[in-house]
Each structure stands twice: as structure tokens, then as C-alpha cells.
Amino acid sequence: MSESSRREDLKFFGRVSATISHDLKNVLAVINESAGLLDDLCMLADKGRPIEPERLVSVAKSILGQVRRGDSIIKNMNTFAHSVDEDVRSMDMGEMLTLMSELCRRPVNAKGATLEALPGEAHLRADPYGVERVLHGMILCALESAQQGTALKFSATTVADGVQVLLQGLEQEPAPDQQLRETAQAVGATLHAHGNALELTLPLRQA
Amino acid sequence: MKILLVDDEHELVSAMAERLDMRGIHAEFCCCGTDAIEMAKEKCFDVAVLDMKMPRMSGLELRRELSALCPDMRFVFLSGHGSEEDFKQGCAEAAFYLIKPVAIEDLMETLRRVMEK
Numbered sequence: 001m002s003e004s005s006r007r008e009d010l011k012f013f014g015r016v017s018a019t020i021s022h023d024l025k026n027v028l029a030v031i032n033e034s035a036g037l038l039d040d041l042c043m044l045a046d047k048g049r050p051i052e053p054e055r056l057v058s059v060a061k062s063i064l065g066q067v068r069r070g071d072s073i074i075k076n077m078n079t080f081a082h083s084v085d086e087d088v089r090s091m092d093m094g095e096m097l098t099l100m101s102e103l104c105r106r107p108v109n110a111k112g113a114t115l116e117a118l119p120g121e122a123h124l125r126a127d128p129y130g131v132e133r134v135l136h137g138m139i140l141c142a143l144e145s146a147q148q149g150t151a152l153k154f155s156a157t158t159v160a161d162g163v164q165v166l167l168q169g170l171e172q173e174p175a176p177d178q179q180l181r182e183t184a185q186a187v188g189a190t191l192h193a194h195g196n197a198l199e200l201t202l203p204l205r206q207a
Numbered sequence: 001m002k003i004l005l006v007d008d009e010h011e012l013v014s015a016m017a018e019r020l021d022m023r024g025i026h027a028e029f030c031c032c033g034t035d036a037i038e039m040a041k042e043k044c045f046d047v048a049v050l051d052m053k054m055p056r057m058s059g060l061e062l063r064r065e066l067s068a069l070c071p072d073m074r075f076v077f078l079s080g081h082g083s084e085e086d087f088k089q090g091c092a093e094a095a096f097y098l099i100k101p102v103a104i105e106d107l108m109e110t111l112r113r114v115m116e117k
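Chains A and B supply the protein sequences, listed in that same order.
Going by UniProt numbering, the first residue of the first sequence is number 1, and it counts up by one from there.
Going by UniProt numbering, the first residue of the second sequence is number 1, and it counts up by one from there.
Treat each hint with caution, since some may be false.
Said to hold, decoys possible - DSS-like cross-link-like pairs, simulated, lysine-lysine; straight-line CA separation at most 27 Å:
#	chain 1	residue 1	chain 2	residue 2
1	B	K53	A	K61
2	B	K41	B	K117
3	A	K153	B	K53
4	B	K53	A	K75
Said to hold, decoys possible - Quick look at which bits of chain A chain B covers, simulated, 3 or more residues with Cβ under 8 Å:
#	region
5	27 to 38
6	109 to 120
Keep in mind that the hints were calculated from the coordinates and are not lab data.
Where is the CB? At the ideal position from N, CA and C, for every residue including glycine.
Next comes chain A alone, as it looks inside the complex (with noise of 0.2 Å):
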């Protein structure tokens, strides 16, 4: 691997890292503050004002959700983070849209875009975290277009020679860039714009 692939390959990461690590610090911000505010109608409750009970209940619920918005924000860091385990693995393609969405989230909100990962069968063998680099590659693409009301919808399907990945509703025709281009050239797969989406496809086993 060269020195300028290795680089992008780090840059990656730390792009993916660093949405996971801002997602986190927001649900930790909405806990801290239900958990104050807990505290304050309990000093407040101390001083003889009565706590209503639906305002625990309330503030409660919050905090549960936030709990479980963490933990689906950890699994997926997780899920992301054990992709370098093995070079190859069997994949489902429908899980792995899934996940780059959501880790995405972040930068498709910020552009007031959506992105919704449209379910189907289509496994493959491939390099995971290759494969993942090529998604989150796609995704930069299109929101380069994007703007408030955009839906992008991603999709794989299996097709006569691999698994064809179709990224729909983009604002104008794409550009990708030859980076992306060679991000996918390394998974063994090809990358075309046609129209408004872009279209990839991944042959069904690397070596």
C-alpha cells in the first residue's frame, strides 16, 4: 500500500471515529442534563415544592432512550471496528448498507439530506473494511450534491457476476473522484455513475 493510500485508509477511519465520538458525547450532554434536572425537582422537592410524578416519569423515559441510542451508537462502532478482523469474510450486503448509513447519519442530517437503506438479499465474499471504505466513498459523493429534502436510498441486489450496490436520488449526476475510484478498484469492484445514482459492483468472492 502506498504512503498517500495509507494516509486516506487513516483518514477514513478517523472521519468514521470521529461521528461516533460526537454522537456519543451528545447522548452523554442529553443524560447529564435529564440527570440534573433529576436532581434540581429533588432539591427542589427537599424546599417543599412536590414533585409531579409525570415529570419523573418523563425525564425517566428520556434517559432510557438515551441509554438505548448509546448502545446502538456502540454496537455499530463495534460491528465497524471488528471489520479489520479478517481480510475476506462471507457478508451480507443488506446489514452492511445498513450500518454505513447509519454511521453516516451524521453528515446526511447536516446536509438536511436522508438516507435510508432499502432491504434485500445479496451476500458476498469480500474485504470488509474495503468494502465499507467504497460505501462511506459513495456517500461523501453524493451528499456533495445534496441539500435540504434530498433522499438518497441505497440498495444491493445480487446480479449474473457479483452484487450490484445502487446509491439513488442524488441531486445531479455524480463525479467520483479517482480516489473512490481506486477504493474500489482495491475490493476488485467498479464504480459507475449513471444519471442521478451510482452504481457499484462487487464481484461475489475475492481471493
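Got chain A sorted already, so can you dock chain B onto it with the hints?
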């Protein structure tokens, strides 16, 4: 002191506003830059506490819009990142910068210092 809290985390700003109210500080909140601008058109706030990273309009962009509407408004930035770059940008723009999660005592102290400046 009238405070405007802006963060896309609704549960965060609603709880923060309630806790500031309990401490005698009138706080209102919203979850995006567009709503913040509308609220600032309706009434003047002394201080705006802005999340740095929000969808569509960042805290830095919102600060410029609000400053144009209310030149006397003062600003505190909130960030979940805590990165060096955010810190420099936040300080350059506002000089008051807090990293989430924020202790209410630190927020109160920062608001006091902002008003004294």
C-alpha cells in the same frame, strides 16, 4: 438575563432551559438556526448559547445571522467535539466555549462572565 439556547438535541436544550429557569434565568430554546432567527426577530436575547455543529446552519453561521439582527447579543458556543480546530474557531468568534456535557455550574459561571464582559 434572557438566554436563547440552540441545539439540534431537543431533550438537551429543553432540560437545560428548565434548569436555568429554576435558577432565575429566563431561557428559551429551539433546535435549528432558522427557528433561532425567527425568535430573535420577535424579541431580544442577551446571550445565545449555540451548538457548533447543527444540520443545515452551523453555530458559527448562526452567530453571524443573529449578530446582524441583534448587534448587542453575546454568544457562547457548545461543542461535542472538543477538537483543537473547533476550540480555535469558537474562541475566535465568541471567546466563550464549552464542551459537552456541561455542568450547570460551569454554564452559569460562563453566562455570568459573558454578561460582565
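Going through the hints against the structure:
1. Only pairs whose Cα atoms come within 27 Å are accepted, and B/K53 paired with A/K61 is accepted, the gap being roughly 26 Å.
2. Between B/K41 and B/K117, the direct Cα distance comes to roughly 24 Å. Compliance with the 27 Å bound is thereby established for this hinted pair.
3. Of the pairs offered as hints, the one joining A/K153 and B/K53 holds, with about 25 Å between alpha carbons and a cut-off of 27 Å not exceeded.
4. As the CA atoms of B/K53 and A/K75 are separated by approximately 24 Å, the hinted pair is consistent with the 27 Å bound.
5. Only residues whose C-beta sits within less than 8 Å of a C-beta in chain B count toward coverage, and the region 27 to 38 of chain A has 9 of them, enough to reach three; the restraint holds.
6. With 4 residues having a Cβ less than 8 Å from any Cβ of chain B, the region 109 to 120 of chain A passes the three-residue criterion, so the hint holds.
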